[in-house]
Amino acid sequence: MEKIKVAIIEDHSIFRKRLSELLSFYDEIDLVFAVEDAELCIKYLDKAEELPDVLLMDIELPGLSGIEATFQIKEKHQDIDIIM
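Quick note on our numbering: the sequence shown kicks off at 141 and runs consecutively.
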């Protein structure tokens, strides 16, 4: 069975860390990256050779909001699912 590749976009470091730890307990999930803002996420996606299957995106982020980022990401990466 192929692992589900997940990325986390969350500005609160404690929550980002705990969510990363929680996901690490599941053999079916591979955490690709965890970043604190949408701009970093978009930069990563633009350079990545292997894209995540799912983004766990906070809505209220510094700078570009999760909602705005979702529209930008979906323009280039329609196959990535985004959960807010």
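Hints listed in this document are in silico derivations from the structure and should not be mistaken for laboratory results.
Mixed in with the good hints, there may be bad ones.
To be verified - Keeping only pairs whose Cα atoms sit at most 25 Å apart, straight-line, the calculated PhoX-like set for lysine-lysine is:
id : residue 1 : residue 2
1  : Lys143    : Lys183
2  : Lys145    : Lys157
3  : Lys183    : Lys216
4  : Lys214    : Lys143
5  : Lys187    : Lys157
6  : Lys157    : Lys143
7  : Lys183    : Lys214
8  : Lys145    : Lys214
9  : Lys216    : Lys143
10 : Lys214    : Lys187
11 : Lys143    : Lys187
12 : Lys145    : Lys187
So, going through the hints one by one against the coordinates:
Proximity of Lys143 to Lys183 is assessed by CA-CA distance (about 23 Å); at most 25 Å being required, the pair is judged to hold. For the proposed pair Lys145 and Lys157, the alpha carbon gap of about 17 Å is at most 25 Å, so the pair holds. For the hint linking Lys183 to Lys216, the alpha-carbon distance of about 12 Å falls within 25 Å, and the restraint holds. Among the hinted pairs, Lys214 with Lys143 is consistent with the structure: their alpha-carbon atoms are about 22 Å apart, no more than 25 Å.
At most 25 Å may separate the alpha-carbon atoms for a hinted pair to count; Lys187 and Lys157 meet this at roughly 23 Å. A threshold of 25 Å between alpha carbons decides the hint, and for Lys157 with Lys143 the separation of about 20 Å falls inside it, so the pair holds. Between Lys183 and Lys214, the direct Cα distance comes to roughly 14 Å. Compliance with the 25 Å bound is thereby established for this hinted pair. Taken as a hint, the Lys145 and Lys214 pair is honoured in the structure, with Cα atoms around 17 Å apart against an allowance of 25 Å.
Of the pairs offered as hints, the one joining Lys216 and Lys143 holds, with about 23 Å between alpha carbons and a cut-off of 25 Å not exceeded. For the given pair, Lys214 sits about 16 Å from Lys187 by alpha-carbon distance, which is consistent with the 25 Å threshold. A distance of roughly 21 Å separates the Cα atoms of Lys143 and Lys187; the hinted pair therefore holds under the 25 Å criterion. The hinted pair formed by Lys145 and Lys187 meets the criterion: a straight-line CA distance of about 16 Å does not exceed 25 Å.
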